[in-house]
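Protein chains in written order, with the numbering used here: chain A, 1 to 262; chain B, 1 to 304.
It is worth saying that the hints were derived from the structure and are not from the lab. If you're wondering where the values come from, they're calculated on a predicted model, not measured in any experiment. No residue lacks a Cβ here, since even glycine has one placed at the ideal position from N, Cα and C. Mixed in with the good hints, there may be bad ones.
[Claimed, not checked] Estimated spans, in silico, between C-beta atoms of each pair:
1) A/A143 <-> B/T178: 48 to 56 angstroms
2) A/G176 <-> B/T248: 31 to 39 angstroms
3) B/T18 <-> A/T91: 46 to 54 angstroms
4) B/L231 <-> A/D108: 41 to 49 angstroms
5) B/T18 <-> A/I236: 37 to 45 angstroms
6) B/A200 <-> A/S172: 45 to 53 angstroms
7) A/R238 <-> B/L231: 17 to 25 angstroms
8) B/A200 <-> A/D123: 45 to 53 angstroms
9) B/V279 <-> A/P146: 48 to 56 angstroms
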Amino acid sequence: MEYEARRPLRGLTSGACRAPAPWGCPDGSGGSGDGTVIRFDNVGLRYGSGPEILMDVSFALLPGSFHFLTGASGAGKSSLLKLIYMAHRPTRGQITLFDRSMARLTRDDLPELRRRIGVVFQDFQLLPHLSALDNVALPLRLAGVPEGAVRTQCAELLHWVGLGNHLESPPSTLSGGQQQRVAIARAVINRPRLLLADEPTGNVDDGIGMRLLYLFEEMHKLGTTVIIATHNETLIQRFDHPCLHLENGRLTAMPRAFTRRM
Amino acid sequence: MIPKRVAARSGYDLPLATDPTGRFLAWIMALMVYLGVLSLAAALLISDMAGRWDGGLSNGLTVQIIPQSGTAARPVAERTAAALALLRASPGVLSADALPPEQTAKLVEPWLGDRGLAEDTDAALLPFPVLIDVTIAAGTDTADLARRLKAAVPAASVDDHGAWLADLRRLARSLQTTALAVVGLVSLAGVMTVVFAVRAGLAIHRHVVQLLHLMGATDRYVARQFESHVLRLAARGGGTGLGAAVLTLLVFGWASGGLRATLLPDFTLALWQWAALAVLPLVLCLLAVVTARRTVLRTLEDLP
Ligand SMILES: Nc1ncnc2c1ncn2[C@@H]1O[C@H](COP(=O)(O)OP(=O)(O)OP(=O)(O)O)[C@@H](O)[C@H]1O
Ligand SMILES: [Mg+2]
């Protein structure tokens, strides 16, 4: 593997790609917000007519904060993240995202908001017919970045996550851990303002897991708000970030405080 | 190393190229364009033909003075003179000339030989009518003229070109309408095929579309993928259909070169008519692309 000892996001922070607003600042997208990136007020979620998966979930995260999301399998971690990236609407309660009330969002508002969010799906959700590079390129293409810049940036990031030899490989020819790294690269390529990672280190050894965590840390230092759902106690111990803990659909450990970024 | 290659993107974000509906759409499009181009060509040829009939035969009448048998019969020459006098005195008649007997003889020569008609009409081998060629001004009441002529001259028959020309023109117009209706139906069928293919594509790739949406794709972005996919297929099908149709027309033209009857259309088209035929597949492609976009946008609108 050709890990390089340089900052992972050097390419990303060069001028080729535009940041929508200065990192870490609450966006000026209207709304008389309180400066939080995410705010949940008594949110409940049920799938269809099933039982309530999330109950009375309330919390608020400041821009530039870094949280782990923990909880037993089936506790509702993925469901909580799905609410944030707007894959589902809550069955009750209020969610405010980037100072905008989700209940008042129209269909036309969604693409622009979603482009500010990078998601590492628990099951990766790579497109099987696209190469690793084209998978990573998706967010840039959606944002209309010129094709030349797209390829350079994606190749650079894939090199950094150790997949320099697999740029043109389709996901089906990659190992689970390699696919996971493609998924992570895709989530961070567009320098999202909010990064949601669902078990991003589930399929890699601790060495690579640590390296990926440093990538998230790097994003965090650039001002991205990060939430990582994980079971990995080693990582949680190593990085001193607050935990959101879910137990039977309820949030038990609140953020220690509104953690301002350094 | 980072590849310096700045290649065009390797494909669609949606794997549309492998859709089973793809090949089907291209073939349907080829068939539609083939039928459409032939129908349009038929419409153009018919309109040419009708134009030629109009130019050659309108504003004319043919009067026949038919020989009569029996003792009370007046000689043909006498009745011809009476008819000519009446015609020339009638308003709206520009000219009235009896065809000389030699010319009438020439007309029937292929059937009867040169002995068909004697010099003296009444004593001829066969009794032949005298033909009077009449030109009239547009808008003349030919029915009234015919009535007066028949009253004045026994055994005169009036053959109004306008009457059967009107029939022909009506026929031509209905053929033309039919041909254009076929073009319309073909376009409609093309639109329906595209709607079907796009809906199927959206259903097959529902998952990918959903993922693209989650990553911030607009409906327009998804629609563009379908547009370029449909355009590619429609262009391929359209090209095939147009090629086949042009080949068919050329074969028709070559085959009809032999029988050059005046009333049949000669299967030759002017340059602008060929251009009009070539525009049809372009229009159908455009229609397909617009349909694809509208179908995608409409379908996605109903998603949560
Ligand atoms: N689409 C769905 N339809 C119905 N029930 C669902 C759906 N997705 C999740 N659930 C249920 O919601 C509960 C929480 O699931 P979720 O995936 O959020 O848990 P999790 O904390 O992410 O678990 P894990 O750590 O195993 O990933 C589970 O009981 C699950 O069965
Ligand atoms: Mg989960």
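Do the hints match the structure? See the list:
Judged by the Cβ atoms, the range 48 to 56 angstroms given for A/A143 and B/T178 holds: they are separated by roughly 52 angstroms. Taking the beta carbon of each, A/G176 and B/T248 are about 58 angstroms apart, not inside 31 to 39 angstroms as hinted. At about 38 angstroms, the beta-carbon gap between B/T18 and A/T91 misses the expected band of 46 to 54 angstroms. For B/L231 and A/D108, the Cβ-Cβ distance of about 26 angstroms falls outside the hinted range of 41 to 49 angstroms, so the restraint is violated.
Distance hint for B/T18 and A/I236: a CB-CB separation of about 43 angstroms, consistent with the stated range 37 to 45 angstroms. Between B/A200 and A/S172 the beta carbons are some 24 angstroms apart, a value that contradicts the proposed interval 45 to 53 angstroms. For the pair A/R238 and B/L231, the supplied restraint of 17 to 25 angstroms is violated, since their beta-carbon distance comes to about 53 angstroms. Checked against the hint of 45 to 53 angstroms, the pair B/A200 and A/D123 fails, with Cβ atoms roughly 26 angstroms apart.
Take B/V279 and A/P146: their Cβ atoms lie about 35 angstroms apart, and the range 48 to 56 angstroms is violated.
Of the numbered hints given earlier, the model fails hints 2, 3, 4, 6, 7, 8 and 9; all others are met.
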